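Novice: Protein chains in written order, with our numbering: chain A, 1 to 485; chain B, 1001 to 1220; chain C, 2001 to 2314.
Since the hints were made in silico from the structure, they are not lab data. For clarity, every value in this text was computed on a predicted model and none was experimentally measured. We put the beta carbon where it would ideally sit given N, CA and C, even for glycine.
Each computed SDA-like pair below joins lysine to any residue, with the alpha-carbon atoms no more than 20 Å apart:
id, chain 1, residue 1, chain 2, residue 2
1, B, K1085, B, E1204
2, B, K1150, A, A152
3, C, K2285, B, R1029
4, C, K2285, B, A1023
Across the chosen pairs, the derived CB separations fall in these ranges:
id, chain 1, residue 1, chain 2, residue 2, range
5, B, W1053, A, R299, 54 to 60 Å
6, C, L2058, B, L1103, 44 to 50 Å
7, B, W1053, C, Y2046, 52 to 58 Å
8, C, L2245, A, G189, 39 to 45 Å
9, B, P1118, C, A2075, 50 to 56 Å
10, B, P1118, C, Q2155, 21 to 27 Å
11, C, A2075, B, P1099, 32 to 38 Å
12, C, T2003, B, N1097, 54 to 60 Å
13, A, G189, C, Q2155, 41 to 47 Å
14, B, P1099, A, R299, 36 to 42 Å
Heads up, incomplete: computed chain C residues facing chain B, CB under 7 Å, no partners named:
id, residue
15, L2300
16, L2307
17, V2308
18, L2312
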Amino acid sequence: MEIYWLLGIPLAGGLYLALWGNRTHAPEINAAFSLATLIAAGTLTARIVDEGPMLAGGDGWFFIDAFNVFLVALTAFVAFTTALFSRPYMRIEQDHGRLSAARLRLYHASYQIFIGTMLLALTTNNMGILWVAMEGATLATVLLVSLYRTPAALEAAWKYFILCGVGIALALFGTILLYFAAEKVLGAGGGALLWTHLNGVKAQLEPVVLQLAFVFLLVGYGTKVGLVPLHNWLPDAHAEGPTPISAVLSGLLLNVALYAVMRSKVLVDGALGVHSLAGNLMMGFGLLSVVVAALLIKRQTDVKRMFAYSSIEHMGLITFAFGMGGPVASFAALLHMTLHSLTKSAIFFAVGHATQKAGTQVMDDIRGLIKTNPTIGWGLMLGTVAILGVPPFGVFASEFLIITNAMHQHPWATPFLLAALGVAFASMFGKVQPMVFGETGLPRLPHQPALAPVFIHLALVLMLGLFIPAYLADWYRQAASLLGG
Amino acid sequence: MSLTYHLQVVNLLAAVLLLIAFAMLSQRRIVGLITLFAWQGTALAASTIIVAWSTAQHHLYYSAALTLALKVVVMPWYFFRLVRKLDVDRDVEPMINIPTTMLIGIALVIFAFNLALPIAQMAGTVTRSTLGIALASVLLAFLMMITRSKAIPQVIGFLAMENGLFFAATSATYGMPLVVELGVALDVLVAVFVLGIFFFHIRETFDSMDLKHMERLREK
Amino acid sequence: MTTGVLLQITQTGLALLLAPLLMGWVNICRAWLQGRSAPPLLQPYYTLQKLFHKDAVLAHDATRLFRFAPYLIFACMVLAAGIVPTLANDLPFSPAADVIALVGLFALARVFQALAAMDIGTAFGSLGARREMLVSFLAEPALLMVFFTASFISQSTELPHIVDRLAHQEFALYPSLAFAAVAFWMVSTAENARIPVDNPSTHLELTMIHEAMILEYSARHLALIEWAVALKLFTYSALGIALFLPWGIAAAGDLNALPLALLALVLKLALGGAALALLETINAKMRLFRAPEFLGTAFLLAVLGMLVHFLLEV
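Starting from the given sequences, assemble the full structure and let the hints guide the process.
Specialist: If you want it as C-alpha cells, here you go:
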C-alpha cells in the first residue's frame, strides 16, 4: 500500500503544481508534497526492515528489497531537504528577476514529476518500466536545466537531452536483448522482464546475449551516471541549471542510474559467473572516471562545474567498487553512495547561496565568504572537507574501505586511485580555501540564509563517519549480499 | 530459402528500412528528411502488422497502430509545422561530407551484421535475421545524429534510432510486453513535445536553429 | 537448333526495331508529363531515315578511327541487345550472355566513343570524352556490384541462369534485389546519359557529356550512333527487366510461351519507359561534380545489397 502512496504523491504533486503552481505559496506546497513523500518512504522502509523484501501490485510489478529501499529513503530525504532549500532560494531568484512565475510553475511541477519518476525507477520490478522511468526522469529535467533560458543554459539542456537520449536508446537495446534472452526461458509476456523472475533463472540465461546486453545497458545507463567518456553533459547541466536541480541531479539521479546498472549486473553475474566481463567493465569505466575527473577538477573556474566533476569522480569510485564486487567493496560502495548524496547536495546548497550572494559562479570572484557570511562559509568549507574524505566525516570511512579492498583485490589500481584522490584533494581544497577565507571588500550581509538542510546533511555524514548504527550496517550488509557479495 | 511469403515480406521491409536509413544519411533537406522518417514509420508499422498477423500475437497490432499514429501521422505533421513556423528548411551541409558519411555507414552496417550474427543464430523467432538490420539502422541513425549540426535533423536521427530499436524488438522478440511499449511510446511522445518547446527557446535565444552557435560550453 | 537460331535472329531483330520505339515512347511520356505537345511515336525512325539519306561530312583531321567508331559502337550494342534475354531464355548466344562480358562490351563501345571524340581534336570532343570517362569510371564498378549481388542468388553470372532462377523456380522475395534495383537505376541514368547525370535533350556546353562527344558526327555516322544510343537504353531496360522483373520471359524450349513473352515485354517496356520519363521529370539535373557522389552512393547501395543478401538470404 505504501508503495502507491510513495508514487502517487509526487505524481499528484506534479499535477497540482502544474495547474496551480503560479500561486505564491507554491514553494511551500512543493515542500509539503516532498514531506508527504518522505513519510510514505519512511513507512515503506519501516515495513521492509520489519518484514523483509516484498512484492507488490498485480503480478509483482513492484519489488522492494534492502538494496532499493535504502535508495528510496535516501531519495525521498534529499528530495525533501532540497525542496526546503529551494523554497527561499527560488524566491530570491524570482526577486532578482531571473525567473517568472510561469517558469516557477514549470519548475515545481517538473521537480515533483522528476522525483516521482526516480522513485518509480527504483521500485519497479520490470526492467522495461525501469527504462521508461529513467527516460521520464531525463525528460522531466531537460526543461529544468534550461530554466534560465540563457544561451549557455539552452546549450547545456540540449547536450543533456541528446547525449542522455542516445545513451538511453542504447540502454533500450540492452533491455530488448535482455528480454530476448529471458523470453526463451520464461516465455513471452510481461513476466519475462520482471527482475525477480529473471533473478530466479539467471543461471539459465544465454551468456552471449547477456554479455552484449550488459555492454549496451552499461553504456546506456552509464551515460546517465556520468561515466567518462560519456560524461560530457554532466558538468554543463550542473553548472547551467538552477542550483536545487544540480543538487538533485548529483545527489539522486546519478545514484538511480547506477542502481539500474547494478540490477543488470546481478543478472549478468548470475549468467556468467561473478568475476566476469560485467565487473571488469565497471571497474574500467569507474577507474577512468576517477582519474579523468580528478585531473579536470584542477582546470575548472566555475564552482558548480568543479563540484560536478567531483560528482563524476565519486560516481566513478562507486562504480569501481561495485565492479570489484565482494561483500566489503559492495558495502563500501553503498555507504559511499549514501554519503556522496548527502554531502554533495549539502555542498550545492551552500554553493547556491554563495553564488546567489556573489552574483557569479566564477570562483575567482567569490572571496571571503567567512567574513561576509559565516554560515555559508562554514557550510561550504565543511562540505568540501567532508567530500574530500577528511576524517572524521563518513566519506573517509567509505573511501578507506574501497581503497583497502582494492589493494587487496586489485593492487594495480590503488596507485591510480590514490593519485587521483590526492590530485582532487589538492586542487579542490586550493580553490575553495580562498573562496572561504580570502580577502574581500564586501560588507557583512545583514541577514543570514536558512541553511538548516546543509547542516543536517553534514551532521548525518559526520555521524556515519563516527559510528554506523547497527541496523543500518546490517541493512547495508543485506544489500551488499544481494548484489552478489 | 524456405521461408513463407509473409516472412519474406518482413525481410523485404527490413531491407527497405535500412535503405531509408541510408537515404536519410544522404538527405540534405530537412523536409526530405521528415518525409523519409514518415516512410520509415510506415515500413515499420507494416512489418509489425505482418509479424502480428503471421504469429497471432495480438498485442503487436496495438503497437503497430501506435507506430502508425505517432510516427507516421502525428510526429511528421508536428515537424512539418515546426519547419514552417520556424522557417528552417534550407540545404544543410553536414559536418562530414556525405560520401565519407556513407562509407562510415557501410562500415557500421558490417559491424552491426557481425555483432548480430551469433545472436540471430540463437533466436527462436522466425524473423531473427532482421536483428542485424535493426542494429544497423540504430547505428546509422546515430551516425546521422552526430554528423548533423541542426537541431531538427538531430531529433529525427534520435527518433529514427527509436524506430530501429522498435524494429529490433519486433523482429527479435515479437515485441516487448505491451506495458513497456506503451511506456516507450509515451516517452517518445513527451520527448518530441518537450523538444518542440525547446526548439522555440533555442530559436528565440540564438535566432537560428544551427547548433554551431552552441559551442560555448567546453573545457578550456 | 534451327528454332534456336531463328529465335535468336528474331530477338535481335526485335531489339533493333523496338529500340527507337522505346526512345520515342519515353519522349512522348516526358512531353506529356511536362505539359508539352508530344512528338509522334515514330519520330526516332523518321530521324534515323533522314540521317541515313544525308551525305556525311567529315572533319579535316578525322582519321579512320573516327569513321570506324560508329560501326563498332553500333555492333557492340547490337550484340549486347542480342544476348540479353528479352523473349526467350535458351538461345545460341546464351552462353555468351555473361554479365561481366556484357560490362566489357559496354566498356569497349565507350572507349571507342571517347577515342573518336578526341580524334578530331575539338575542345568539346575532349571535354565530353573526359567527363564520360570520369562518370563511367565510377559507374562501372557499381554496375558490376549490382550484377554480383544478383548473381549471388543464382550462383552464376550468366543472365539466362539468373533469369531462370528468378522467374522459373520457386517464387521468393529477395531484399538484396531492392538495393540492387535502386543502385541499378542510378547507374543506368549515368550510363545512358539521362537526367540526373546528363541531359539528353540539351547542347549546353557547361553540362553536356554524351552530346559533346558526338557533336562532329553527321548523316549515317550520327544515325548509327543515335541508333546505338537507343539500343543501349533498350538493353539496359531489358537488363533491368531480366534482373528484377523476369516473369514472362519464356523458359527453355517453351515456344508456346513466346506470344505471352512478347506481350509481357512490350508491357514492361512501356511501363519502364513511363517510369523513366517520370523520374526524369521530377528530378533536376545535378551539377557535374555531384555525379561522383551520386555514383558512389549507387556503389554503396550495391555493396549493401550484397551484405543484406548474406544476412537475410543465406
